[in-house]
Every structure is written in structure tokens, then in C-alpha cells.
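**Q** Chain by chain, the residues run as shown.
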Amino acid sequence: DVKVTQSSRYLVKRTGEKVFLECVQDMDHENMFWYRQDPGLGLRLIYFSYDVKMKEKGDIPEGYSVSREKKERFSLILESASTNQTSMYLCASSSRGTQRTGELFFGEGSRLTVL
Amino acid sequence: GNSVTQMEGPVTLSEEAFLTINCTYTATGYPSLFWYVQYPGEGLQLLLKATKADDKGSNKGFEATYRKETTSFHLEKGSVQVSDSAVYFCARISGSARQLTFGSGTQLTVLP
Chain R
4 DVKVTQSSRY LVKRTGEKVF LECVQDMDHE NMFWYRQDPG LGLRLIYFSY DVKMKEKGDI
64 PEGYSVSREK KERFSLILES ASTNQTSMYL CASSSRGTQR TGELFFGEGS RLTVL
Chain A
36 GNSVTQMEGP VTLSEEAFLT INCTYTATGY PSLFWYVQYP GEGLQLLLKA TKADDKGSNK
96 GFEATYRKET TSFHLEKGSV QVSDSAVYFC ARISGSARQL TFGSGTQLTV LP
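As they're listed, the protein sequences go chains R and A. Numbering-wise (this note's numbering), the first sequence opens with residue 4 and increments by one. Numbering-wise (this note's numbering), the second sequence opens with residue 36 and increments by one.
None of these hints come from the bench; they were simulated from the model. Virtual Cβ for every residue (Gly too), placed ideally from N, Cα, C. It is possible that some hints are incorrect.
[Said to hold, decoys possible] Not everything, but these chain R residues come out facing chain A in the computed CB check (under 8 Å):
{"hint": "1", "residue": "44"}
{"hint": "2", "residue": "45"}
{"hint": "3", "residue": "48"}
{"hint": "4", "residue": "63"}
{"hint": "5", "residue": "64"}
{"hint": "6", "residue": "65"}
{"hint": "7", "residue": "66"}
{"hint": "8", "residue": "67"}
{"hint": "9", "residue": "93"}
{"hint": "10", "residue": "110"}
{"hint": "11", "residue": "111"}
{"hint": "12", "residue": "112"}
For reference, chain A alone in the conformation it holds in the complex (with noise of 0.2 Å):
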């Protein structure tokens, strides 16, 4: 079936360290792949997405690139900052179906 498998956290950080969050799918059709993230005290939001193979999102300094022969889509930064600390989570989304799956999340604290 449709699966996101997510890097478990949480994740400390100093500020302006690089971040990666791991993030790998199941190869089942072509999905499009997303990052949302959840600040404290708010509901999800979308980060960035791609919707096929070599794409790279980016927002707010954030990427990701759609690994087919990796089946991977994994969030880098290269300077995070205390503002980051949030949620992460992955998610899929298939052709034939109509909803998201998400992945487990991933607690990210940055430090000043």
C-alpha cells in the first residue's frame, strides 16, 4: 500500500546548523510528494512539494528533491533558525487516490 516512512526525532539543533529529515515512500504508481510543517499551537501547513521525479521544492530556505531510484524526498536546510522549531512531516499523495498519507512527524528544536 501507499506508505511515508519519516526519520523519528526529536531533533536538536544549534542555530545555523544544517538540517536533513529523512523521508522515504513506497513506489506504488507516481505520487506527488509534500512537507508540511506544524509550528507550536497551530494546524498544518503546507511547506513545499513535488509532483514528479528530479523536482525540487523550496520555501522559506527549505528543499527537497524527488528521488525516484531512491524513492526519497528528504527536507534539507543549510541554517536553520530558532523560528524552525516545528513539526515536520511527509506525505504522499497518489493518482488513483484522493487523500494524503502522512508520515509519523518529526520534532525539530533549534537552539539559540
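Here chain R stands alone, though its shape is the one from the complex (with noise of 0.2 Å):
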């Protein structure tokens, strides 16, 4: 069974705070992408991978770098937590095969609360 595994269901952080999030994918897939999801708003893609050690900015970067040194690893750093980075983030991905057809298979999300 496919998988992508978010390594913290539930966090809780100061303001000024690193974060790190993990996310980890077992099928071998090119593709990764970090959403964040609020209510109302939807999805908003923060950033995206598409091979080893490349990264490209989505609609949402500011705050946030991304980091993708193997290719079932990807994980979002927030340098300093602000209270405005609480949210629910989704880890995705993909295969190169299905990157025009939209099918990404999703982590169960972690949930950040900034303080």
C-alpha cells in the first residue's frame, strides 16, 4: 500500500522557533509538495520538488524553505515560527508519469500551532 508519512501529527511551538517538518515517501516518486490548509481557503501550495535537490516556490513561500537531499525526503523549515504559520500542512506527492494528470498521494497532515 502507498504511503507518505508526515513525521508529527501534532505540534506546538514558540514564536521565533525553528520548525522542521518531515515527510517521507515509499513510492518512489519524483514529486513532492508542502500545503498548508486553513479553513476557507483550501490548499495553498507552499513549495515543490521535482528531482534531488531542486526546489521551486509556490503561491505561498515567504517564511518558508524546503529541503530535498534524497528522493523520498522532503521536509519544510520554518527559520521563525510566527503565530500567522499556525496551520494544518500536507505533505504530497507524485509520480513523473501522473505529473499532468493531478493524482498526488497525501500524508495524514501535521498540525502546527505557533504560540
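Take the two lone chains and join them into the complex the hints point to.
**A** Right, here's the structure in full:
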């Protein structure tokens, strides 16, 4: 069974802390994505990666960075967390073959609260 | 730009009621259209899709038809069940872009 695993389901951090959200997929997918999900706003793309060591900005990259050192792992980094980054973060992956067909596989999400 | 507008929720129905969740998209290019579903405590999963005009996607009793003339992709189900309670997201992807654009999501609650 295909799987996208996010390391933490729930995190509570303080303003100014550095936060790492980890995502691992076991499907040998080339493409990986980080979204945030907020009520009334749907999913918004933060960053994505189509290959190891490459990254591209999504719609709302400000305040975030990412790392893709290995094919199966895509990390989202909040260098200095702020309260407006309190949200649900969703990782997703897809294969190059379905890149244009829109079929993404999602993790269960990481709910981050910044105090 | 590319956007998706989805019916605002929440929607509350009784079991066996008919469901429609409206979705419209901007007519830029020839997008493929999708419905994703998020059950409580889970990530999103693909429910159905349609890649060209007049295509009908279907799965688990849900259907949606790609209507180019009205730029719509409304989700329907003839008889909902309690287990259909979830958040439903409409989404699009265009040939030139490689990322999905999602609607705001519609929370559906089905009461027994």
C-alpha cells in the first residue's frame, strides 16, 4: 500500500523557534509538494520539488524553506515561526508519469500551533 | 489565472438525501478537473477526475461531469451515507502548469 508519512501529527512551538516538518514517501515518486490548509482558503502550495536537490516556490513561499537531499524525503522548514503560520501542513507526492494528470498522494497532515 | 470556485459549506444532509456540491473553474486552457475527499483525521485522496469536456468521472457512487459551456464540474451523489461525511475539494490542473489548484473545500455532514 502506497504511503506518505509525515513525522509529526501535532506540534506546538513558540514564536521565533525553528521548525522542521518531515515527509517521507515509499513510492519512489519524483515529485513532492508542501501545502498548507486553512479554513475557507483550501490548500495553498508552499513549495514543490521535481527531483532531488531541486525546489521551486509555490504560491506562498514567504517564511518557509525546503530541503530535498534524498528522493524519498522532503522537509519543510520554518526558520523563525510566527503565529500566522499556525495551520495544517500537508505533504504530497506524485510520479513523473502522472505529473500532468493531477493524481497526488497525501500524508495525514501535521497540525502546527505557534504560540 | 487559474482558479477554482467551490460552493461554501458546511452542508448538512440526512442519510439517503441527494447531494450536489458546485464547482466552477476559470477557462484558461483546457484543464483536467478533479474532486478530492478528506475524511476526518486523514489526508486528501483522489475521488474522481475528468480530463476533457463532456467526460464524466465516477467513483463510490459520486459523479461529476466536465461542462465546458458552463465551466463547471459539480459533484453529485444520489443517496448519501453517514460515511460520506468529509471535506470535498474541487481542483484543476492545466497542460502548461504542473501543480494542482484547489478550491476552498466544502464540509459535508450526513446525519443518520
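**Q** Please list, smallest to largest, the hint numbers that this structure does not respect.
**A** Of the numbered hints, 4, 5, 6, 7, 8 do not hold.
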